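Given the structure of chain S, go ahead and fit chains L and X onto it with the hints provided.
One-letter residues, chain by chain:
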Amino acid sequence: MNWDFLVQQVVSGLTLGSMYALIALGYTMVYGILKLLNFAHGEVYMMGAFAGLGVMTALGGPDAPIVPVALMVLVMFLAGMSASAVLAMGLERFAYRRLRNAPRIAPLITALGASFFLQSTALLLFGARRRSYDSAEFIDLRGGIHWGPLNASPTRLLTISTTVTLMVLLTLLVSRTRLGKAMRAVSFDREAAAMMGIDVDRVIVATFAIGGILAGAAGVMFGLVYFSVYHLMGFTAGLKGFTAAVVGGIGNIPGAMLGGLLIGLAESFSAAYVSSTFMDLIVFSILIVVMLARPTGLLGRADIKKV
Amino acid sequence: MKKHYLAALLALVLSLAIAAAGCGGDDEESSGTTGGGTSSGPAQAASCTGSIAAMGPYTGDAASIGQEQLDFTKYAVEKFNEDNGTDFKLEEVDTQLDPAQASTGAQRVVSNDDILGVLGPAGSQEVDAVGPIFTRENLAFISPSATDTKLTESGKYPTFFRDVPNDAAQGPTDAEFIADTLGAKTVWVIDDQSSYSTGLAESTTTALEDAGVTVKRESISQKTTDFSALVSRVKDADVAFLPWQLGSQAQTFGNQLAEQGSDAVIVGSDGLFTEDFSIKDSYVSSFAPDIKGIESSQELVQGYEAEFGKFSSTFGPPAYAATNALLTAIKQACDDAGGSPAREDIVDAMTNVDIEQSILGGPLKFDENGDPEGAKFYIFKVLGKGKYELQS
Amino acid sequence: MTEPTEPQAPKDERAPAAPKVGVDEWVAQYERRRQERAGPFAPLVRVWDLTPRPAWMAAVVLLAVVYGIFATNSGDLRIGINTILFALLALGLNVVVGWAGLLDLGYIAFYGFGAYVYAFVASEKFGVHLPTPAAVGVVIAATALLGLLLGLPSWRLLGDYLAIVTLFFAQIFLVVTTNGNRINVPGHDGPADITGGPNGIPGVDAFGLGSTEAVEVKTYYWIALGAFVLVAAALYLLNDSRTGRAWRALREDPLAAEAMTMPVNRLKLLAFMFGAATAGLTGSIFAAVQIGVFPQNFELFLLITIYAMVILGGAGSIGGVVIGAVTIGVTLEILRDADWGRIIFYVLLVSAVFVIVRPWRHVPWVVAAVVVFGVLLNQIAGAVWPRGVGRTPLGADGPLGGLVDDWVLLPERPGTIGSIAFVLLVLGALALTLSRGWPRVAGAVPLLYLGAFVWENKLIFQPSVTRFLLVGALLVFVMNLRPQGLMGTARVEIV
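Protein chains in written order, with the numbering used here: chain S, 0 to 306; chain L, 178 to 569; chain X, 166 to 660.
Hints may be right or wrong, so weigh each one.
Said to hold, decoys possible - Calculated from the model, a selection of chain L residues having no Cβ within reach of chain X, i.e. all distances over 10 Å: (1) 262; (2) 263; (3) 477; (4) 479; (5) 528; (6) 561.
Claimed, not checked - Below, a sample of chain S positions facing chain X; criterion: calculated Cβ distance under 8 Å: (7) 109; (8) 112; (9) 115.
Hints in this document: simulated from the structure, not taken from any laboratory.
Owing to the predicted nature of the structure, the values given are computational and were not obtained by experimental measurement.
Just so you know, even glycine gets a beta-carbon here, dropped at the ideal spot from N, CA and C.
Isolated chain S (complex conformation) (with noise of 0.2 Å):
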């Protein structure tokens, strides 16, 4: 048993199923608000990192960064924060307000025809070419953690931490604040909790900008980490953000962060042990096999439907 490689995998796969998890959270919630499949998230997410890539070229570029590197990462992420909050809060204004009632068909292909849009513009705007973090410049990626088994080049350790205090400010903020109270009393009946005085739109953009800014951090690591930033990045790591978060049952976000995790390491599994030919292969069927087996996923609650 080759332990080294195994640890290997297992930071691979944590690292991805971290930004897996990120990405499913905002899909997760977003559906248990408004029972609505964001199929634009996963453009949220790439322009995140299209906006981290941005303000670290205005602030030098990966050569020669005018600012010492730890701010300018910090920078870096609160760029993409920002920017993904302030296009989910865009999309849910335009694109999916009007249609909270609409039959069921109208917001998924307003979503789905949102993607493109976006895909198209970061096409437009910043061309077919795969941009680059270029991190290797200006983080030494033999640091890190080297104990033993276990090694962790700086960006990935910086990823699993960021992701763990970002899912613990998230599950405070749901269980601990008003705003959190508001969020869960509005996923479970929409319409009794407009009764009860709680301002259904106000959580609704709030919801979309969470989700945003997990997002936009999953977009600023993800170029940290594996360097190569493309306007089709949101298709791909939407799609299996997605998976997480149906296979851990959507609209429940203790599910959509271990979705993501188990997504994540799957594919790292599968793709050391197996043949990565066939990795996407295998974490599709996984979402297929649970979808048939458990059709709310592993931590989802049973719909009950009164008729």
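Okay, now just chains L and X, sitting in the frame of chain S:
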């Protein structure tokens, strides 16, 4: 109210569309997709006009290669028109190295009667996609970078030519370098699933195994962004041979190799000869020499750089030589036919092309399969972004 | 119901306060209300309502036949073939989504599957060269079978969950075809190449009957048109049959349908199978025309385009769907070419004026204002900063090229400023949707000019990206404006 003005609008658009299609039947069509192509006027009797189409990855991940090929093609068309008093035009068709887009582009090219020949496509998988279409229409096409051996040896595409050697030569050359010069004992050969890559990987693997080297094979896709799992298996090898088409992917791979503390040397094929791949002390092979070192081409180099700026890879010059050959053939067919040549005539003329001194430093002639006679591969060491040192 | 309660007519906020009527009377007055709302277009609406649908379809087919006879350029014919293929796909999707109300986001997988099966049985890939009728028959049967299999999850999964599963089936299809050249089959030496991977399967056989082969593009046009007529006729008959009515019942209220002892599960499977078979047939024609199949032909964008066609036409009506397909299909094809793309763009711009500006008597003023604005701006910029506006537009000798030259600002290096202008345009358009009255009309003038600016400086150079942009924007816009589609009827629930 709303429903019906929209219906009226639809009717308007529909009728416009039909009118456009009906009237557009005998107008010439512009098939350029990235702009910069001008449609040519009607062919005049007893004078040589017409266009060629250039197909390649002008946007997308391989754009650094495609753009350089396109610039050299434009330069070649300019120079040829200047030197020969002709007025050939150039149409651009962007394929993004994607066979589906190449196929669609090829269909538009064949429906444009002014196009007499095609420069490109760049990738071997694209040649496979457009080959049947061009063969059916007897349209000559010459690629400056598609190296898959089967394209010429199978005889499936009798109108296909190329001015770069094929992978039957690249495999052994690279293998010899890896085994002898680098002295490697274990090598990982990883392909990116394109037909170019798998063909080259096969021929290199065979040659390496013949030389007594241990070879392990793997495969990634052109959409892969995370190589960590693969890297952890590869990191203890001596050499990683990457016959990939996308330099940016190889760059990520190299960075992740360094991240995991590996000392493996990366040897790449011609696809990695681009600014996107700049891992120091790695090697790339190329099907063309660095023409900045060739005396007879200096005037052309200076002319090119004055107009288009500096160039850094070896993809551009073969495009120049190929365009030159194609235009020579078209002019020849034109003169023989006394005016507007047919597409078949140009295919014939191509088989007889005999250029004494091409920009690549030697003569250019095609054998009966469409391969250039006497071409070979060169190995370069990567010193940094765009900086190379010839090894052999 | 134990106690008859007085049913209330649903609120129609635009109609004047009408006397309350009973439900039956309200339903019977439906057409009169439609014509009232149509205003000046009432005669058109009457003609539309009174002509039987098959007459419209026959007219469209006649137009297509005329087109086929007079178009000689193979490029034009290919546009026609692509449009017909789109229409076929839209018809098939209409069966699943419009009639049976099943959210199938994996429809493209059937199309691709059909194309690949044709490539398997009629190319050099496996050395099998079935004659065309047999090959197409195999394709239809295989795709219908796949439709059956994929329809099985629809028994347990409703609404969103079905959409998710079907979407992922489509992704699985893409993954399998893209990676299908490296499958490790036990007992086979080395990896087996089944689908050709990302390089696809080039060189499939042409259609042929007996010893004649279809080589000309025009022959394929007639084949596609023939297939379309057959499928449209079959579906029309199906719509009127018991199955069609059962599907409509299923769509409106699955629970009630089941309570009425309709075999809901079988109906769902039947819908999937019909949709799949149509897509499979279309796939085989596509493969023969393109002389090859590649996985990149079947990506999500195509699905969205087909959905746009179905939605635009109003899901559920054959005629609407076909018109949607023809409109969007032709527009997309024309947008590939810069000259005609420009015409389409300006037509869209003018129609945008109609959408933005109400009431319509203001429209001529707005159009005039935009033109004057542009000319003035051009003059000022020309005097102050000549290098910024000197470029000749792309296709200056094409239609409208000369007009554009004097009206739109054309900086020498349009790249960056074009990008900024694009972002401003999107933001401005969104802001415009929030405003009303005079600010809206006033804001429309510079915004429309900005739209033309972005087109001439950025979009026209990248027709493929522009197509994506337009389809995406169209979908979002139409869905927000009219969720039931342009020609669909609004769902009215009587509570």
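Consistency of the hints with the structure:
1. 262: holds (24 Å)
2. 263: Given that every Cβ of chain X is farther than 10 Å from that of residue 263(L), nearest at about 21 Å, it holds.
3. 477: holds (27 Å)
4. 479: The assertion about residue 479(L) holds, with a minimum of 25 Å to chain X.
5. 528: holds (23 Å)
6. 561: Non-interface label stands for residue 561(L): nearest chain X Cβ at 28 Å, farther than 10 Å.
7. 109: Holds: closest Cβ of chain X sits about 4 Å from residue 109(S), inside 8 Å.
8. 112: holds (3 Å)
9. 115: holds (4 Å)
Comparing the model with each earlier hint shows no violations; every hint is respected.
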